[in-house]
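Two chains, each in its own frame: build the complex with the hints.
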Amino acid sequence: MPRFLHTADWQMGRSYSRFDTEDGAALVEARFQAIEKLAQLAKEHHCDAVLVAGDVFDAQTVSDRTIRRVFNATQGFAGPWVMLPGNHDAALAESVWTRALRLGAVPDNVHLALEPTLINLQPQGLAILCAPLMQRHTYGDLTDAFSGYDSAQGLIRVGLAHGSVQGLLSDDIDATNPIAADRAEASRLDYLALGDWHGTKQINPRTWYSGTPEPERFRNNDAGNALIVTVTEPGAVPEVIQIPTGRYQWHQWRETLSVESDLDQLLQRLQALPESSVLDLRLEGSITLAGEDRLLSALSVAEARFRSVRCERSGLQLEPTDDDIQALKADGYVGEVINTLRQQQQGDHSEAARDALAILAGLLKDQDQGANQ
Amino acid sequence: MKLHRMRVEQLRQFRKPFVLDNLQPGLNLIHGPNESGKSTLVRAIRAAFFERYRSTAVDDLRPWGDSAAAPTIELDFEHQDKPWRLTKSFLQRKRCDLTIGTDSYSEDDAEEKLSELMGYQYPKRGISKAEHWGIPGLLWVEQGTGQDLEQSVEHAGDHLKSALNSLVGEVASSGGDDVIEAVRAQRDSLLTGTGKPRGDYLQLDKDRIQHEQDIAELNDRITKYQEQVDRLGKLSQDFDRVEAERPWDDARRQLEQTRERHRQVVQLEQQQNQEKATLAQLQQNQRLLQQNRDHLESVSKQLAARKAELDKAEQALSLAEQQTPALTKGLGEAKAAYETAEKHLKLARLLETRGRLEQDVQRLEQRKQTLTQNLTKAREYQQQVDQARQQVRENRIDADQVKQLKKTEHQLAEETIRSRTIATRLSWQLEPGASLTLNQKLLQGQGEQQLLEESSLTIPGVGTLAITPGGGELASTRRRLTGLQQAFDEQSKALGVDSVEQAENRLAAFDSARRALTHAEELLKTVAPDSIDQLVAEHREVEGELQAATHQLQAMARPDKTSPVPAVVEAEAAFTSASQVLDKAEVDERRHQAELLTRKQARDSAKAEWQRLADEEQNPERQQQLKQLSADLTDIERQTTRLQASVDQRERDIRDARPDLLRQDIERYQNTINNLLQTQEARGRELRDIKVRLEAWGAEGLEEQLNEQQAELEQCSRRYQELHRRAQALDLLLTLLTEKRQALTRRLQAPLQKHLNHYLSVLFPQAKLEVDEHLRPGTFTRGAELGQMAELSFGAREQMGLISRLAYADLLLEAGRPTLVILDDTLVHSDQDRLEDMKRILFDAASRHQILLFTCHPEKWQDLGVPPVDIQALKEGAGGAAALT
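Line order of the protein sequences matches chains D and G.
As numbered in my numbering, residues 230 to 602 make up the first sequence, in order.
As numbered in my numbering, residues 259 to 1143 make up the second sequence, in order.
No false leads were slipped in.
As a list, the in silico DSSO-like pairs of lysine-lysine whose alpha-carbon atoms are at most 30 Å apart:
{"#": "1", "chain 1": "G", "residue 1": "Lys-382", "chain 2": "D", "residue 2": "Lys-594"}
{"#": "2", "chain 1": "G", "residue 1": "Lys-1012", "chain 2": "G", "residue 2": "Lys-260"}
{"#": "3", "chain 1": "G", "residue 1": "Lys-387", "chain 2": "G", "residue 2": "Lys-274"}
{"#": "4", "chain 1": "G", "residue 1": "Lys-842", "chain 2": "G", "residue 2": "Lys-601"}
{"#": "5", "chain 1": "G", "residue 1": "Lys-858", "chain 2": "G", "residue 2": "Lys-559"}
{"#": "6", "chain 1": "G", "residue 1": "Lys-865", "chain 2": "G", "residue 2": "Lys-559"}
{"#": "7", "chain 1": "G", "residue 1": "Lys-371", "chain 2": "D", "residue 2": "Lys-558"}
{"#": "8", "chain 1": "G", "residue 1": "Lys-464", "chain 2": "G", "residue 2": "Lys-482"}
{"#": "9", "chain 1": "G", "residue 1": "Lys-419", "chain 2": "D", "residue 2": "Lys-594"}
{"#": "10", "chain 1": "D", "residue 1": "Lys-558", "chain 2": "G", "residue 2": "Lys-419"}
{"#": "11", "chain 1": "G", "residue 1": "Lys-587", "chain 2": "G", "residue 2": "Lys-858"}
{"#": "12", "chain 1": "D", "residue 1": "Lys-594", "chain 2": "G", "residue 2": "Lys-454"}
{"#": "13", "chain 1": "G", "residue 1": "Lys-352", "chain 2": "G", "residue 2": "Lys-274"}
{"#": "14", "chain 1": "D", "residue 1": "Lys-558", "chain 2": "G", "residue 2": "Lys-382"}
{"#": "15", "chain 1": "G", "residue 1": "Lys-464", "chain 2": "G", "residue 2": "Lys-454"}
{"#": "16", "chain 1": "G", "residue 1": "Lys-1133", "chain 2": "G", "residue 2": "Lys-274"}
No lab work stands behind these hints, which were simulated from the structure alone.
Chain G extracted, bound-state conformation (with noise of 0.2 Å):
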C-alpha cells in the first residue's frame, strides 16, 4: 500500500483545503513546527480509516468555532496495483466514497471494504478507540507511545494471526481459543490444576467409599446375623437333645453310690481312731507301772552305795584323828620357844635403858658447869654494857649539827678576813699611858682595829674622832657577819658547847663509847646469846633433868650380871622367831580342828542315810508292791498285743477302700453334675438371647438395607464412572488443543523472530529478543543481561517498539497486507548513536515499507537521505494544490 496524496479541508486549522502531494513509496519526512497541523495531519489519516462517517463523536475535528464545517479527507494510495481513493466527510455532510480501480464502493460498504483490507474494526458507536485499531493500530505510531507495544499487539491479536496464517500455510482455527476456554471451564469444574478430582466429582467418590464401608458393615452384621441363626438352630438341636437325655441322671446315681462307699470308710476310720486311743492309754499304762516297779528294784543298789560312801568317811575320819598328838606336842614346844626368848628381850631391854640414863647424867652434868662459867661471864660482860651506856648518854652530840658548826665557824671566819680587808684600819702606838677612848672603849698601847662602822674616837683631851668607814660593801659585810655570828652562836648554844673544839672533843669521846657499848654487847651474846634471864632459865632446867634423871638411875633396879645376857638384837630376831613358829603352830592347829569336824559330819551324814536306805529295804510293803506290779505288767502286755493286731487290720482295711479317691469321686460327679446342668442352662439362656437379639436384629432389615445400599453404591459409583470419563476426556481434549495451540504459535512465530532479528543484529548486535506464544516481543537477552522488554530503559523500549513494529510489517508484507507506517515525532528519547543505528533501520525499512515520519525536528533526521517536507512552507504556498521541490 502506498500513499499518494492526502487533501484535508475544513478540519481543524486546515480551514482552506491543504494538500500533502507527491508522498514517496519509502520515507517520506513530513516536518513543521509546533501547531503547524503536523499531529492534525495524522488524526486526519486515522479518522478516515478508524471514525465511521456518520459518527457523531468526532467533534474535534471540527475547525474552532466552525459548527457548520464538514471536515473531509481524501486519500488517494495504492494497493495491489489497483488505485484506491477514499473521500470521507463527516459531521454537516456525512459521507464515504471509496473507489477501487473501476469499483465504487459508498458509505458502509466502503468502510466495510477499508477494514478488511487494514485489518481493524469499528467502534459500535462513539469515538474509535484503541482496542479497535487492529493492525493500523500497531503500524501507526502516535505521539509518546512507541514504547506500549504490548497493548497494540494485544488488540492486532487476531488480523496479526490471520494475516500470518495466510503467511504460514494454517488456519488459526476461528474462535479455537474459545473452544479452549469452554474446555478449560469444563475440565477445572472436574479437576483441580494438577489433575486431582474437585467437587462432585471428588465427592462422590467420598460417597462411594462411604457406601462402601456402609455396605461392608451391614455384610458384616448380615454375616454375624446369620451365624447367630446357625448357633440357634444348633443350640435349640443340643438343647432338645440333652433335656431328653438327662445325662445328669446318671452321674447322680454313681454320685450316691460312692457317698455310701465313702460313710462306710467314714465309720471304720472312726473305729479305728478309737481303737488307736486305747491301746495308747495301755501303753502309757505299762510305761507308768515299768517305771515303778524300776523304782523299787533301784532301792537295794542304792543301799550297798551308801554303805561304801559310810565306810569311806569313817577312814577319813580315823586318819585325821591320828595327826592330832603331834599337832598338840609341836604347838607346846612353840609356846615353851616363845617364853624363853620372851624373857631374854626383856632383859635385854633393860640393861640397854640403863646405859643410856647413865650417859644422860654424865652430859647434864657437864651443860650445868658449862651454863654456870656463862652465867658469870655473862653478868661481867652485862656490866661493861652498862657503863658503855652510859657513857654514850653522857657524850651524846648530833654529828651533823658538829658539821654544821664547824661549816659556820669557817664562813664567820673567812666573813671576818674580808671585812679586815676592807674595814678602816685604825692602828695605834700610844705612848705608853695615852689612851684613847675608841666608842667609849679605852684603847692603849699599840693595837688595831678595824672600823666597820661609824665610830667615835675620843682622844682624852683633844676631843672626839669620828671615824665612817668607806666603801660599798662594808655595809652588807657586816650585816652578813652579823648574821653569821648569831648562827654560829645559836648552833653553839644548841649543842650546848662554847666552841667548836668542844663539840669535836664531844663528838669523839661519843664514838669512843658507842664502839666500847658494841664491843660488850657482842661479848655478852657470845654467852648468852639470848639474854641472862633465858641463860639463868636453860641452867634451871637443866639442873631438873639431871635431878630427874639421876632419880631414875637411882630409882632403876641393878641388873644381874651373873647370866649371860644377849644384845637387844640378837634378843629380838630371837623372839621373832619364835613368835612366827607359834602361829603357824597354832594355825596348823585350827585346821586340823575344822577337817576332823567336816568329816564327822560326813560321817554322821553318810551313816544316816544308809541306816534310812537300810530301813526301807527290810520294808515287807515294798516286796508286796513289787509282785504286784509284775504282775499287772504282763496282763496290760497281754491286752496290748490284742488291740495292735485289730488295729492292723482295720489300718489296711481303710486303705484298700482309698477314701482319698472316693472323696474326689464324690467331688467329680458332683462337679459333673454341676457342669451338666449349668451348660444346659447356658444353653437356654444363650436360646432366649440369641432369640432376643435375632428379633431386634430382624426388625432391621438388615438385607433390604444392603440392597438398597448397594444400589446407592452402583449409582454412585456410575455417575462416578461417568465423572471419570468426562474428566479424562477433558482432560484429554484440553491437553490436545493446548498443544496443538502452541504448536501454531511457534509456527508463527518463526518468521516473525526472524524479522525481528533482522532489524535487532543493527541495533544491538549481541543481543536477542524472543517473541512470545502471543507473538509480542518477550524475553530480551544481551550478553550476560536477561529480562523482559518491559524492564528496558524507556528509550531501548521506544526503540524496540519500533524495530518489533517494523518486523510486523514486514510479516504483513510478506502475506500481501497493507504496510503503511506513520511515525508521528517518535524517537526522540534516543541519543545521537542509536539514533544513528535507528536511521540505518528506518532507511532500510523503507524499501519494503512506505514510512510517514512527522517531526517537529527536522534537523535531527536532516541525514535520512530524504528531502524534508514543510508542512508550514505547504500552507502557505498553498490554496490549491502545492507542489514539492
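One chain only, chain D, in its complex shape (with noise of 0.2 Å):
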C-alpha cells in the first residue's frame, strides 16, 4: 500500500522585496524550515517517497548555499526524493541541477528526474514517470511521453509533471507548458502530480495540484499545504489528505473607511489574526484626526505583533472634524492653512495635501502637549 507525500513549488532562493529586510530574512527562514517540516511529516506518515512537482529552485543561478540547503534540509526524511525541474529550473545544458550534482550536495535516496524518465522504485512499490522541462518554455505537453513508458507488474504509475492544465486554470497562468487535462486516464497513471499552481487544488480524483508548502503571494488561493497520497493497489483511487504546512498566513485587505464604524470594525479584525500573519493592508475613504490616531496606535501594535504589516495609507483623505481642530487649538492663520489642506485633499495634490494635514496635526499636538507639559 504505498503512500507518498507530494509537494511543488518550493521556489528556494526567492527574496521578498516588499518587505523590511528582517522580514524578509524570516520569511526565506520559513521556506527551508518547510522542506524540514514536509520531511518530517513524510516520516511521521510512513510515506514511501516525497515527489517534488517542479520549481525547487526559483531560479537557474541561486548561491551555493542555497543549493546546500536545499538538500540538507530533506535529512530528516531518509527515503526516496524524486526532485523534477519546473520552469523555473528547468534542466538546461548548464542548471541548478547540475551544479547541484557537480558541488556534490544531492544525497543518495535524492533522485534528479533531469530528462524524461521513469524512475522505478521498486522496493517502494512505485513507479514514477517523469516530465522534467528541458527548456525554459515549451509548447507542447511534455507528459505525451506517459503513455509509451511501461511500468513493471504490480507498480503503482504515477506522473510527475510541471505545468499548466489545459482549460482549467484562470488564463493568467501561463500558457506554455500545457499538460492535458485527461493525462491521468489516457496515460494509465494512477495519480498525476502537479507542480506549478500555487495553491492546494484537485483537478480530478487522480490529478493534483499540491501548492507550495510556504506562501510567498497575497493572491493564491489555499497555498501552504503538503499532500499524502495512498493508493492501495494499481488503478485504485488514490486516497489524498491535504496538510498545512504553513509557517505564515499572507493576508491581503483592502478596506474603504467611511464611517467611524468601519475603523472600529477593522481594528477588531486586525486584532483577531494569528500572530504568523503577514499583512498587506491599503486603506481608502477618509477617516478623523483622532481616528488617525487610533489606527497608528493599533498599526503600531499589529507591527509588533505580526510578522509583517504594511499599511498603505495615501488614499486614506484626513478629515478633521470640528472637534479634532479644536483639540488641536488651531487658531489664526494655522487654522486657514488646515481648511485648505482639507479642501486640496479633493483636488490634484490630494496626496500630498493630506501628508501636509498629517504633519501639521502632528506638530500641533506635539506644541499642545509639549505647552500643556
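Following this line, the structure appears as C-alpha cells:
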C-alpha cells in the first residue's frame, strides 16, 4: 500500500523585496523550515517517497549555499525523494541541478529527474513517470510521453509533471508548458502529481496540484499545504490528505473607511489575526484625526505582533472634525491652512495635502502637549 | 487710559510725599531743571508697572542712604470708564494693591491684571528689561531712545498683534510662527532652499540609481549566462551529431579518388615532356643537316662568282698597261724641254754677270781718281791748319784778363786825376838852368808836380823846403793809387805785356789766328771728313777692288755672241714652265706605276680564290657527303612526323583530364576535411570553455543576487517615495503657512499704515513710509530718495520714531487698548521748523491720547497750548497735595 508525499513549488532562493530586510529574511528562512517540515511529515506518515513536482529552485543561479541548504533540509526523511525540474529550474545544459551535482550536494536518496524517464522505485512499489522541463518554456505537452512508458507489473504508476492543465486554470497562468487535462486517464496513471499552481488544487480524483508548502504571495488560494497520497493498488482511486505546512499566513486587505464603525470593525479584524500573519493593508476613504490616531496606534501594536504589516494609507483622506481642530487649538492663519489642506485633499495634490495635514496635526499636537507639560 | 494723579514717597529725591495732580486727558508738559526729579517720576511710573513689588533688584528706587525706606508709588487712572488705583511699595514694605471700580486685587493678581491691561511681561527674576516692556516699551519713550524703534516694536510684537487681531477681526494664531519654524526645519532637512533633495532624501535617490545600475548589470550578466546555457545546449547537440555522422570520412574518400586521377595525369605529363624533348632533339639535328647540305651546295655558286671577279681584274690590268707607252713618251719630251731651258738660262746669267763687272771697274776707276784729288787737297789744307794752329799758340791771351787790365788801368787813371785835384801842385818855372832838387830829383825848366806826400824841395843854395800836402783824403787816395798801381803791374806781368795796347794787339792777333784755323779745318773736312789717314785707306781699298774686278773680268770667258741669247727673265720663265711640265709628267708616271701594281695584285688574289674553289668543287669526297646528307635528312623527317603525332594525341589526353581542376579538387577536399575537423574541435573547445565559464558564473548565484538587489531597490524606492511624499507635503505646508501668515500680516499692516500716513503728511508732505511684515516702518520714500528708516539722520529718525509710536497708539486705541504716551525730553535734536511740525503732530495726537511730556527746556514747548507744570515749584510748595493753577 504505497504512500507518498506530493509537494511542489518550493521556489528556493526567492527573496521578498516588498518587505523590510528583517521580515524578508524570516520569510526566506520559513521556506527552508517548510522543507524540514515536509521531511518530518513524510516520516510521521510513513510515506514511501517524497515527490517534488517542479520549481524546487526559484532560479538557475541561486547561491551555492542555498543549494546545499535545500538538500540538507531533506535529511529528515531518509526514503527516496524525486525532484523534477520545473520552469524556474529547467534541466538545461547547465542548470542549478548540474551545479548541485557538481557540488556533490545531492544525497543518494534524492533522485533528480533531469530527463524524461521512468524512475523505478521497486521496493516502494512505485513507478515514477517524470516529465521534466528541459527548456524554459515548452509549448507541447511533455506528459504525452507517459503513454509510452511501460512500468513493471504491480507498481503504482505516478506521473510527475510541472505546467498548466489545459482549460481548467484561469488564464493568467502561463499558457506555456501545457498538460492535457485527461493525462492520468490517457496514460494509465494512478496519480498525476503536478506543480506550478501555488495553491492546493484538485483537478480530478487522480490529478492534483499540491501547491507550495509555504505561501509567498498574497494572491494564492489555499497555499501552504502538502498532500499525503495513498494508492492501495494499481488502478485504485488514490486517497489524498491535505496537510497544512505553512508557517505564515498571508493576508491582503483592501478596505474603504467611511464611517467611524468601519474603523472599529477593521481594528477588530486586526486584533483577531494570528501572530504568524503577513498583512498587506490598503485603506481608502476618509478618517478623522482622532480616528487616524487610533489607527496608527493599532498598526503600531500590529507591527510588533505580526511577522509583517504594511499599510498603504495614501488613499485615505484626513477629515478633521471641528472637535479635532478644537483639540489642535489651531487658531489664526494655521486654522486657515488646515481648511485649505482639507479642500486640497479633494483636488489634484490630494496626497501631498493629506500628508501635509497629517504633519501639521502632528506638530500642533506636539506643541499642545509641550505646552501642557 | 487717563492718568489723573500720581504720588511718590520715599523714592530717590522724593523722600517726602510728592503729588503730581490734576493731569489733563490730553497733553501735559512737565518741566523742571536737571536733578529736579523729572526722570525720577518717569522711572516711578515704569517701576509701578514693570517691576514686581517683591523684587529685590530695585535698589535704585531707594532714597540715597535710607536703608529703611519703602519706596511707594500711587497711581490713579481711568480706563474703560472705570477708576483704577494702583499702590505699589517696594523693598522695606513690599505690597501691591489695585482697585478697579469696586474690585480689589492685590499682590500677584494685581500685577497680572496690570500686565494684561497694558500688554507687557514681568521678568522671571531681577530688574525688568526692555524685552519685557511690551506695548508700554513702545509708547513710553526714555530719554535719548526715541529713534530706536525697531527693538521696541519687536518686544511689543505679540501684544501688538493680538491688539491688532481684535481690530481686524483675525486670529494671528497662537504659536503659528513656531509651527512654521518646525515645518521649515523639517523641510530643510529634506530639501535645499531651491527645492532640491538633500541629506537622506538625496542619498536615497542616488542609492536607487546605483541599485538600478547594479540590477541592470546583473540582468545583463544573467542574460549572458542564459545565452551561454542555450549556446551550451545547442553546441552539445551539434557536437554529438557531428561526432556520430563523421562527415569528414566522405570527404577523405573523395580526396583519395581525386588524388589517384591526378597521379595518372602527372605520369602522362612526364611522358609528354620526355617525348617533347626527343622531338626537339630531332628537329635540332635536322636543322644541322640542312645547314651542312646548304653549305656544300653553295661552293659551285661561289666558283662562278669568283670567275667573274677574276675576269674583271684581268680586264682592269690590261687597260692600265695600254696607257704605259704614251706616258713614257710624254716624260722624255718633258725632260728634253727642261734641259734646253736650263742651258739657255745659264748663258743668260753669264752675260749678265760680265756686264755688271765692267760697270764696277769703270766706277772704281772714277772713285780712285776722286780720292787722289781729295788726298792732294787734304794735305794742302792740313798745312794751313798747322800754320793757323802755330799762330794761335803764339798769340794765346786771355780776353777776360785783358778786360780786367783795361778796367784796372781805367780806375788808375781816374784815381790819378782825383789825386791831382787834391794834391799840392808844385809848378815851377825856373830860369833856365836853375834847378831845383825835389826829393833828390832835379827839377829844371818849367813843370808842375803834384805832391801827394811830404816832399822836400831843395833849392840849391837856398836850402831845402819841406812841403806837406794838406787835405784829409790825401792819404787814402795815395794808398788806393798805390794799390791800383800794384794791381796793374801784377796783371800786366801776368799777361806778359807792358801795356794795355800791347795786350789788345795780342788779343786781336789771337782771334784772327783762331778764325784762320777754323776755316782751314772746315776745308779739310770737306775733302777728308774723317781724317787723311782714312782717305788714304779708302783710296787703297778702292785701288784693291778695282784690281780685283779687273782680274775677274779678264778671267771670265768671252761669250759667244753668235747665237741669240734670251734675256734672263724670259729664260727663267721658260725654265720654270719646263720644270713644271716635267714634274707633272713624273707624277703621272709614278701614279700609273702604282695603279698597275694594285691591279696586278687584285688579279692575282682573284685568281688564287678562283683556283681554290675550282679545286674544291672538283673534290669527290664532297660529292659523297652531299649524298649522305640527303639520306639522313629524309630519315629524320620521317621520325619527327611520327613523334609529333604522338605528342599531339597525348596533349589532348592531358587537357581532357583537367589537371588544374584536379589540383583544386584536392585542395578543396583537404580544406573541407580540415574545416570539418577544426569546427568540431572548436565546438569541443567552446563546450569546455562554456562549461567552465558557467560553473564560475553559476557559483555567484546571480539570480539570487538579483533578487536581493531588487529587494533593496524596492526598499530604497519605498523609503525614497516616503521621503518624497513627506518633502512634498512639508513644502506644501510651508508654502501655505507662509502665504497665510503673509496675507494676515498684510491685513494688519493696512490700519497702521493709515495712521502713519496721517502723521507723515504733516512732517514730510511728499514722503511715504512703508510698514514691513513685522509691522515696523521700513522703506522710506521722499521724492527720488529711497531708503530704510535706519539710514536717515538722527533727528529725522527720532521724528519718525515718534510719529510711528503715535501711529501705534492710534492703532491700539482703535483696538480698545490703553494708550498712555510718555515722552522724556524728546526731540532735542530737531530744528525749529521740524519742532514746529512735531508740535502740531503732538497736539493732534493729544486729542486722542494722554501725553506726558517731560522736559528741561520748557521754553521750547511754550507754544504747545497747554500750561506747563513746574516740578520744582510743586516740590517747593509741596508737602501735601499741591494744586496746579
